[in-house]
Amino acid sequence: MNFHDLIGHLGQHTVDGLSKGAIYALIALGYTLVYGVLRLINFAHSEVFMVGTFAVLGVWTALGAKNNPPLGVAVLLLVVGLLAAAAASGGVALAIERIAYRPLRRRNAPPLIFLITAIGLSLILIEVFGQLLPDVAGGFLPTLFGRPRQIVGMPTIIGQHGVITIGNTVITNVQLIVVVSAVAMMAALDWFINHTRYGRGVRAVAQNPETAALMGVNQDRVIMLIFVLGGIMAGAAALLWSMRFGFTQNSVGFVLGLKAFTAAVLGGIGNLRGALLGGLLLGVVEVYGATLFQSRWEDVVAFVVLIVVLMFRPTGLLGESLGRARA
Amino acid sequence: MGNRVRGLPAWQRWLGLAAFVVFLYYLPLLGIPGLIWLRTDSIDGGSNWAGVLFTCAVYVLVAIGLNVVVGLAGLLDLGYIGFFAIGAYSVALFGSPNSPVVQAIQHRFDLPATWAISWAICIPIALVLALISGVLLGWPTLRLRGDYLAIVTLGFGEIIRIVARNLDGVTNGPQGISAIPGPEGPPSADNQIFGLIDVKPWYWLALTAVLIMVIGVRRLEHSRVGRSWLAIREDEDAAAVMGVPGFKFKLWAFAIGAALGGLSGFLFASRYAFIDPTQFNANLSILFVAMVVVGGSGNMVGVSVGAVLLAYLPERFREVADYRWLVFGLAMVLVMILRPQGLIPSVRRARELRDRAKEATVNV
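Order-wise, the sequence lines are chains A and B. For the first sequence, counting from 1, position 171 maps to 170 in numbering that gives the first Met the number 0; every step adds exactly one. For the second sequence, counting from 1, position 164 maps to 163 in numbering that gives the first Met the number 0; every step adds exactly one.
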């Protein structure tokens with residue numbers, strides 16, 4: 000128990016936690032969107048994120064990115080990375096829906112079967128990126144797919160240095176970018192769902208699929224839309240992850256996905272604003288927990304939070320609401 | 000096929016069953032010409048045949064236990080590896096003279112350095128610890144919907160692994176624990192039967208455990224408890240209306256499944272005489288689920304076949320061993336899409352799924 004460190008550097012730990020939680024929140028959106036509409040946990044969403052990180056890595060390698068490029072180049076690399084990650088993640092999410100979920104929906108399969116299919120898909124994606132691609136493409140793309148299942152490093156596009164100092168709390172430029180852009184992405188998504196025609200369709204299907212169908216909402220298209228939106232958010236999270244942590248691995252999604260799911264449940268799964276709240280909160284709680292105990296217990300903190308939340312408040316802090324949102 | 004077997008006179012069925020059991024016991028000595036290519040040591044660099052059979056038997060035990068939870072009660076448990084690990088660690092912590100727990104007891108009561116709790120007493124310890132952990136996990140979480148439960152159990156499996164890795168003072172952390180005893184005590188040159196080199200007796204032991212558990216679970220399946228599980232799986236609300244206390248029976252399924260998982264982990268650790276936390280990762284947990292759903296969840300024959308296939312094929316066909324997880328993933332997706340009832344389905348489960356498909360609404 001290290002209360003002294005926790006209290007002494009409370010501000011710093013909060014900032015670190017928030018910048019971590021922002022990434023959880025972006026991934027959590029994917030879980031929340033799909034759950035809100037289909038009442039189904041898309042177990043393969045963590046691998047959608049993983050594919051995004053590899054897309055960023057691939058584009059940066061292809062463009063010959065070096066550490067600490069000049070500002071103009073850095074911005075270009077980030078934009079291209081974001082586009083690539085969003086395209087790859089959105090595409091994979093869509094493919095998952097078409098290949099795995101749609102045939103099951105047609106047959107009205109029980110939820111358990113969806114979940115098992117998703118686990119299988121998740122395993123396939125992990126293996127394709129960990130074993131198959133390095134085996135097949137290792138000769139052609141040595142830097143990109145070095146050795147099976149190894150951690151692959153990425154170039155540092157923006158060197159991390161403190162920009163704001165309050166007392167003994169230092170906020171780095173990367174932390175600032177991560178939190179601001181995550182919140183901005185989420186605000187944009189929230190606006191999209193609440194104020195556009197497509198968003199109205201999503202809310203209608205979430206509220207009552209049959210009635211929505213009678214009112215002329217194309218359900219298949221809405222479901223495709225939410226998978227793509229969730230995928231794009233996971234792609235954005237992948238870029239932020241690449242900026243902040245600078246590595247990826249085929250299994251990078253597993254623990255991160257579990258935490259993002261925890262964040263979604265914590266805020267209220269099916270609730271977009273809940274995902275933001277849950278993500279930021281989980282990030283902070285986790286950093287506090289890691290400081291109080293030791294960092295090697297960090298992952299346990301998230302899982303214990305998940306169990307405790309489900310025990311006492313299974314609908315999360317803000318409750319489920321994608322369907323019940325103001326029409 | 001199932002119906003034809005059931006249509007035979009009782010004495011023919013019993014004779015067939017007895018012949019099959021004898022064949023199972025004969026398997027490690029398999030030498031029938033033509034069948035020898037089945038043996039995993041018939042290929043270059045193949046693994047020990049009895050060793051593979053032992054693994055298959057342990058996995059069958061796992062599948063039978065997980066089938067109680069997933070197949071009968073319809074609760075998707077992705078943290079089954081946690082119970083497996085608890086069983087393995089019980090025999091390691093209490094039975095091995097190298098474990099910090101045993102050493103602490105020795106120190107406290109001035110016992111000789113070779114003292115440890117004997118293997119036979121570790122069996123009830125493992126069963127009880129696994130059972131208790133099943134209840135502890137199930138109590139808060141079994142009120143949740145199926146898919147929440149899946150994620151929570153996945154987290155539980157990870158917690159057990161992380162605890163095993165980080166609690167150095169109790170579990171020896173990443174170094175693991177060696178000298179785990181078998182029926183004849185810690186592994187040594189004096190072991191006449193259950194040694195490290197000859198695996199055949201281990202296979203026969205595991206097979207015996209499997210047969211006993213098959214009988215036990217079969218009795219359970221056809222009891223009031225088993226029928227309640229099926230009712231809950233099919234429709235929990237309807238079952239509740241009919242007076243089946245859902246939570247209670249779900250907790251029973253969880254606890255019994257956990258105890259069986261503990262027993263399999265116990266056998267596994269005894270045979271290898273060494274365990275460390277890396278052996279209990281989430282992938283293995285997903286392999287367990289794959290065995291059950293690919294084989295045919297709800298049907299004991301089905302899940303056993305699933306377990307044997309997934310344990311045996313990568314050993315016999317070494318070419319696929321590198322891609323084994325890819326193959327498991329593909330098998331899970333393909334089976335769920337093309338044949339959701341599994342390879343050898345339970346008759347009742349197949350009927351349920353057909354009913355649901357018929358009820359499908361036009362636009363969903």
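No lab work stands behind these hints: they were computed from the structure. Please note: incorrect hints may appear among the correct ones.
[Unchecked claim] Taking beta-carbon pairs under 7 Å as the criterion, some of the chain B residues facing chain A (in silico): (1) L75; (2) L110; (3) G154; (4) L204; (5) V292.
[Unchecked claim] A few chain B residues facing chain A, derived, Cβ under 7 Å: (6) N97; (7) L143; (8) A149; (9) F246; (10) L325; (11) G328; (12) M335; (13) R355; (14) E358.
[Said to hold, decoys possible] Covered stretches of chain A, going by a simulated chain B footprint (3 or more residues, C-beta under 8 Å): (15) 125–136; (16) 304–317.
Glycine is no exception: its CB is placed at the ideal position from the N, C-alpha and C atoms.
Practice prompt. Let me know if the C-beta of G328/B comes in closer than 7 Å to any C-beta of chain A, holds or violated.
Written response: It holds, given that the least Cβ distance between G328/B and chain A is near 3 Å, below 7 Å.
Worksheet item: Measuring from the C-beta of F246/B to each C-beta in chain A, is the shortest one below 7 Å?
Response: violated (14 Å)
Discussion item. Can you verify the interface hint for L325/B: is its Cβ closer than 7 Å to any Cβ in chain A?
Written reply: Hint on L325/B: holds, closest Cβ of chain A at ~4 Å, below 7 Å.
Practice prompt. Identify whether the interface hint at V292/B stands, where standing means a beta carbon of chain A within less than 7 Å of its own.
Written response: Cβ of V292/B sits 5 Å from chain A, so the hint holds.
Item to complete: Classify the hint on L110/B as holds or violated, based on whether any CB of chain A lies nearer than 7 Å to its CB.
Response: Hint on L110/B: violated, closest Cβ of chain A at ~32 Å, above 7 Å.
Worksheet item: Holds or violated: is the Cβ of R355/B closer than 7 Å to a Cβ in chain A?
Response: Holds. Min distance 5 Å.
Worksheet item: Quick one, is the A149/B hint okay against chain A at 7 Å, beta carbons?
Response: This interface hint holds because 6 Å falls under the 7 Å limit.
Discussion item. Holds or violated: the hint that N97/B contacts chain A, with Cβ atoms closer than 7 Å.
Written reply: Interface hint status for N97/B: violated (23 Å vs cutoff 7 Å).
Worksheet item: Against chain A, with CB atoms and a cut of 7 Å, does the hint on L143/B hold up?
Response: It holds, given that the least Cβ distance between L143/B and chain A is near 6 Å, below 7 Å.
Practice prompt. Double-check L75/B for me: the hint is only fine if its C-beta lies closer than 7 Å to a C-beta in chain A.
Written response: At about 5 Å, which falls below the 7 Å cut-off, the nearest Cβ of chain A leaves the hint on L75/B intact, so it holds.
Item to complete: Mind checking the CB of L204/B against every CB in chain A and telling me if the closest is under 7 Å?
Response: violated (32 Å)
Practice prompt. Would you settle whether the hint for G154/B is holds or violated, based on the nearest Cβ-Cβ distance to chain A being less than 7 Å?
Written response: For G154/B, the interface hint holds, since the closest Cβ of chain A sits about 4 Å away, which is under 7 Å.
When held up to the earlier numbered hints, the structure conflicts with 2, 4, 6 and 9 and fits the remainder.
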